[in-house]
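Colleague: In order, the protein sequences belong to chains C and X.
Numbered by my numbering, the letters in the first sequence go through residues 2 to 288 in order.
Numbered by my numbering, the letters in the second sequence go through residues 81 to 408 in order.
Be careful, since some hints might not be right.
Unchecked claim - Here are the simulated lysine to aspartate or glutamate pairs, EDC-like style, with alpha carbons at most 20 Å apart:
hint, chain 1, residue 1, chain 2, residue 2
1, X, K244, X, D115
2, C, K259, C, D3
3, X, K375, C, D61
4, X, K375, C, D3
5, X, K375, C, D118
6, X, K363, C, D93
7, X, K244, X, E113
8, C, K91, C, E110
9, X, K363, C, D118
10, C, K259, X, D218
11, X, K367, C, D96
Don't read these hints as lab results, they were simulated from the structure.
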Amino acid sequence: MDFANFFIQLLNSVQYGLLLFLLAAGLTLIFGIMGVVNLAHGSFYMLGAYTAYALTGAWDNLFLAVLVGAVISLAIGWTLEKILFKHFYKRDHLDQVLLTFGLIYIFEEIRSMIWGDDVHNVAIPGSLNWSIGLTDTLSYPAYRLFMLAVCLLLALGLWLLISRTKIGMKIRAGAFNSDMAQALGVNIVRLHALVFALGVTLASVAGMLISPLSSVYPYMGSQVLIMCFVVVVIGGIGSVRGALTAALLVGLVDTFGKVLLPQFASMLVYVLMALVLLYKPEGLFKQ
Amino acid sequence: MSTPQAHLETLPGSVKLFLMLALVALLAFPFAEQDFYTQMVTRMMILAIFAMSLDLLQGITGLVSLGHAAYFGLAGYVVAYLSPADAGASWLVALPLAMAAAALAALVIGFFVVRTHGIYFIMVTMAFSQMMYYLFFDNKALGGSDGVYINVRPGGLGLDMENKWVLYYFTLACMVLTYAFLRRLLWSPFGRTLNGIRLNEHRTRALGYASFSYKLTAFTLAGALAGLAGFLWAAQTGYVNPELMGFHMSAHAIMMVILGGMGNVAGAMIGAFGFELFLHVFKDLPKIGSFDLGKHWQLWMGSLIVLVVIVAPQGLMGLLRRKQTPNE
């Protein structure tokens with residue numbers, strides 16, 4: 002592997018890692034603060050991708066589609082939390098697993114009713130449909146760089162939100178000790194809805210961003226969901242910093258595994274997880 | 081978060097009577113000569129064994145595994161590899177080996193997973209089953225995404241599983257034996273300790289029980305019994321593919337245990353029959369105008385699951401108990 006090739010794979014792995022982070026951050030926050038296992042998190046990613054397909058079909062503008070899609074997801078996430086999820090915070094994990102598994106079926110069927118079961122493509126925006134030449138034969142698509150930049154900005158934004166704002170302070174307090182935060186006057190009910198909606202939006206934005214690269218297909222959420230579980234477990238449940246570290250690690254192992262050991266690439270990530278668990282049963286950054 | 085609660089460890093007379101009548105019905109069923117339904121009931125019984133094996137973890141020990149299908153599927157693959165292209169494998173060899181392979185996999189994976197708790201356990205079991213799934217999915221040598229066909233079903237000792245009747249009664253015998261074994265285990269000192277672990281692991285450890293070994297033993301045993309179900313599944317369908325180890329298979333097993341009511345083995349068995357029956361009914365729903373109700377079975381299945389969780393989180397047998405002891 003020469004340097005240019007290595008560089009490309011490195012970029013790919015960081016991009017994949019950051020994408021996973023957008024999903025895993027929501028998952029880990031929702032678990033850390035509300036104690037909810039959300040198997041349907043991958044469905045929001047899938048629905049996001051389909052929303053991008055539908056909106057770009059109507060307007061032919063991915064940037065606008067992502068913005069509008071994010072607002073829709075925020076609303077949907079808020080509503081779902083209010084009518085369904087908030088009743089399950091105190092329930093057994095088993096009930097949560099089942100509830101959200103049932104939701105996967107429902108979301109997939111809604112998708113099938115609205116958009117059918119076909120694979121669709123989303124066009125790369127014209128302004129980004131070019132490549133940067135690295136050597137005579139290798140080049141890197143601009144859209145991938147754009148995506149990398151957006152994911153970085155979102156990750157940075159999330160970090161600022163959590164560590165530098167008042168809302169973030171409440172979120173951290175909620176993750177640390179929900180009851181105590183409430184006793185000290187944090188409106189925990191509103192905080193829960195906010196965090197849930199934020200998680201849903203991040204997942205759906207991730208789906209919208211990836212749609213021009215991966216195409217849009219049924220059950221695309223399941224596979225990514227399981228990867229996110231691995232990320233959350235490695236990073237330590239509830240830790241956003243852990244999720245970021247683990248997501249980048251998983252991105253690196255998965256991307257380079259596919260290049261160097263294609264037969265066992267899909268397994269390598271799980272081997273990594275097993276090793277982490279052996280030495281740190283609660284993940285790298287358990288708080 | 082509270083641990084899953086088991087119910088009706090001592091079965092009320094009504095349930096016992098129901099099980100006896102169901103057994104008589106199952107014994108007589110093939111004589112109705114309904115080939116399609118005989119096969120469907122065979123599948124239900126196989127899944128009942130699978131669900132009961134999960135109940136040992138989920139209901140009795142309090143370990144919610146979202147990756148139990150891994151052992152089920154692995155055993156199926158073992159049968160496929162042991163079957164020669166032009167003859168059936170001997171079940172006297174294939175069955176023990178399939179169960180041993182499943183048990184070994186459960187022992188190795190269990191070594192990692194039973195040291196985790198609660199939500200970690202759920203996520204980690206799921207991740208490991210996914211690892212097995214991809215191992216078989218990505219490697220052409222192991223069958224790849226297409227899976228492996230079993231040209232001739234296992235036989236031996238006068239039991240030819242190519243014969244639907246033989247397979248039916250063999251499966252029925254396996255189910256009854258599994259049930260009897262797990263019911264016996266539930267009330268053995270070993271089963272009582274597993275129960276103690278579910279209710280309060282710290283306290284059980286303080287009493288001097290090495291909870292790690294108990295949990296690992298339960299995990300391995302559950303894997304072996306899932307392997308029994310996997311053997312029968314492969315013998316019935318004559319075909320194995322990675323989906324047998326998939327996420328949906330594992331989640332369905334959890335659903336079966338919940339639907340019936342967990343922790344008493346009988347519930348898991350009833351739940352498996354109920355779940356498959358619902359699935360069959362939903363897929364068979366008629367067309368109303370241009371709207372094909374059956375085509376959208378996932379919507380009904382999903383709604384049923386959500387409804388059960390909201391209305392009857394303790395399953396069908398939980399409803400029974402609520403009726404019996406309204407004050408609790």
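Colleague: Next step is simple, just say for each hint if it's right about the structure.
Modeller: Hint check:
{"no.": "1", "hint": "X/K244 <-> X/D115", "in the structure": "holds (8 Å)"}
{"no.": "2", "hint": "C/K259 <-> C/D3", "in the structure": "holds (16 Å)"}
{"no.": "3", "hint": "X/K375 <-> C/D61", "in the structure": "violated (32 Å)"}
{"no.": "4", "hint": "X/K375 <-> C/D3", "in the structure": "violated (51 Å)"}
{"no.": "5", "hint": "X/K375 <-> C/D118", "in the structure": "holds (12 Å)"}
{"no.": "6", "hint": "X/K363 <-> C/D93", "in the structure": "violated (30 Å)"}
{"no.": "7", "hint": "X/K244 <-> X/E113", "in the structure": "holds (11 Å)"}
{"no.": "8", "hint": "C/K91 <-> C/E110", "in the structure": "violated (28 Å)"}
{"no.": "9", "hint": "X/K363 <-> C/D118", "in the structure": "holds (17 Å)"}
{"no.": "10", "hint": "C/K259 <-> X/D218", "in the structure": "holds (11 Å)"}
{"no.": "11", "hint": "X/K367 <-> C/D96", "in the structure": "violated (32 Å)"}
Hints 3, 4, 6, 8, 11, counting from the list given before, are not met by this structure.
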